[in-house]
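So the protein sequences, as listed, match chains B and Z. Residue numbering for the first sequence follows my numbering, beginning at 1 and increasing consecutively. Residue numbering for the second sequence follows my numbering, beginning at 323 and increasing consecutively.
Hints may contain errors.
So the derived list for chain Z, only partly shown, Cβ under 8 Å to chain B, looks like this [unchecked claim]: (1) K392; (2) Q394; (3) E398; (4) V402; (5) P406; (6) E554; (7) Y557.
The hints are simulated quantities; they were obtained by calculation from the structure and are not laboratory data. Don't be surprised by glycine CBs; every beta carbon is placed ideally from N, CA and C.
Given next are the chains, with one letter for each unit.
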Amino acid sequence: MIQSGTSNQALSVSNLKKTYSNGRIALKGVSFSVEEGDFYALLGRNGAGKSTTIGITCSLVTKSSGKVYIFGVDIDQDFGRAKSNIGLVPQEINFNQFETPWNIVINHAGYYGVPRTKALLQAEKYLTTLNLWDYRNNTARRLSGGMKRKLMIARALMHEPRLLILDEPTAGIDFETRLSMWEFLQDLNQKGVTIILTTHYLQEAEKLCRNVGIIELGELILDSDMKSLFKQLNQETYVLDLVQPIDSQVLPHELNDSVRLVDPTTVEVDIARNSSINVVFETLSKHNIHAISIQTKSNRLETLFMELLRREAIEMQMNQSE
Amino acid sequence: MRFMRIWTQTLIPPVITTCLYFLIFGNLIGPRIGPMQGHTYIDFIVPGLVLMSVITGSYTNVASSFFSAKFQRFIEEIMVSPVPSSVILIGYLTGGVCRGVLVGIVVLLVATVFATVDIVHPFTTALVILMTSVVFSLGGMLNGMFAKKFDDVSIIPNFVLTPLIYLGGVFYSVQLLPEFWRLVSLANPILYVINIARYGFLGSSDVGIGISFTVILVAAAILFTLCLVLLERGYGIRD
C-alpha cells in the first residue's frame, strides 16, 4: 500500500474512501500511483468510482478519508500548489457557453497566475494546434461537440500542467476527431506530460496507455502495465475475409473447432497464445482457402476487461453465499 | 462584466421602475401628502429609491451569477484552479458592488430630472451606497450558494427583500408609525441603510448614524465570514 507520495510520482492515492451524503459508497479504499511521464488508463463501468477519484484529486469532490499526493504534495497540506500542477478535462462540458473560446482560455490562464502576455501566446498555440483558431471569437455554445471537447483540452493546457487528467475526452465524438486527439495526446505525453485517461473506448486505452487500473464498485481490482495484462489472454480470435465464398464442409478438419464459418466469405479462427498464426494460414492454403484481410474479432483489452468483471462478480456471489 | 453585456436586463429596468415611482408617488400623490421631515415628498423618497436599486442590483447580480456558474458547472473552472476561496468571494463581491453602485448612480441621475438633489453629506452618501452594496452582494452570494434551482434565486428577493425594503422607510418616516410598529421596524436592517442614505442626501434621519453604520459593518463582517466558511467547505458546489 502506498503510504506517501514521492515527487517522481505524478499522482499517488492511498486508501481513498468516499461516501456521498445520500449514503452511496463510491470508493472503498482505493490505492494506486501513477509515475511521472506515464500514460495511465483508469477504467471501469459507469458508477464504478473513476470520476469520484478524479473529482477528489481535482477538488471537485470532498474525500471521506485517505490520502492524495500530487507530485509529492499532500492535497490536505497545500491543495493550491498541488492543483497548479493539474490540468483537468472533465466528462461534462463545464465552461460558460456564452463566452468565446478565446475568453475561456485566457480567463483560465488568469486563474493559474499565467502572465497575460504568455497567456496570449499559449492561447494562440493551443487554439491553432487543436483547430479552433478560426472559431476563437464565436460563442462557445455554437461549437460542435468535438470542438467543445477540444476547447476543454486547450483550456486545461493553458497553464502547462505536468499532469493532465482526461475524463472520457472522446465521448460522443466522431472517429476522425478522435484519431486527431489521440495523436495530439501522444505527442503531449512524449513531451513529458503525465496523462491519466478514463474512457469507455477500450481500444483508445489500449492504443494510448502504458499502464492501466480498473475500478469496480469502488475498489481497484487491477493495477498493471498493459504488456503484463495482455499476457493473461489465453487466446485471441481473428476474423478472416475470404477471396471466394466457401462451404462449411471444406473447412480443414486438422484445425478442429478452432475455425468457424460465419458466412460464406468470413471465417473466425481462435489462436492460442504462443501459437503461430502462420500454421493456420498454411493449412487454409492447402485447402485452397485464401484470405484477403485479417482483423482481431474484439479488442484485447475489452476481452480482458469483461473477463475481470465476470470474475469479480463470481467472487462477490461466492462471498455473499458464504 | 456580465451585467454590462446584458445592460438591457440589468440597467434599464431600475431606471423605468424609478421613473414610475417618481411620477406616481412624487408628482401625482406626493403633493397631496405634503412635506416629510421638512422636505418635499419627492425629495424625501430619493435616498430610499436610490438605495432600493443598489440593494436589488447587488443582491440579484451575485445570486444569479453564482447560481448560473453552479448550474452551468463553470464554477468548476475556478474550483479546480489554485484560486483561494477568499479571492473567489471577493471576485463575486466586486461584481455585485459594481452593478449596485452603477445602478445607484444611474437612478440618482434619473432622480435629478424629477427632484432637487442636493447631497448634504457626499462622503456619507458614497460610503453608505458602497457598504450597502457590499452587504447585499454577500447576501446574494449566500442565496446563490444555497439555491438548488432557479426558483430559489428569486424567492428571497421577492418574499423577503422586497417587503423589508418597502417596510424600511423608503416611502415614509418611521416616526409616523405607532410606537409598537416603530419598534418592530427597528429590527429591519434595511431601515438603517435607508436612514443613513437619507442623512447623507438630506441631513435628517429617523435613527442614529453611529448605530446604523455599526449595524451595516457587523452585518458585512458576519456575512463575509459565513460566505467564506461555506465556500471553503464547498457548500452547494462540492459533493
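Structure-based check of each hint:
no.: 1; hint: K392; result: 11 Å, violated
no.: 2; hint: Q394; result: 6 Å, holds
no.: 3; hint: E398; result: 5 Å, holds
no.: 4; hint: V402; result: 5 Å, holds
no.: 5; hint: P406; result: 7 Å, holds
no.: 6; hint: E554; result: 11 Å, violated
no.: 7; hint: Y557; result: 10 Å, violated
This entry does not satisfy hints 1, 6, 7, going by the numbered hints stated previously.
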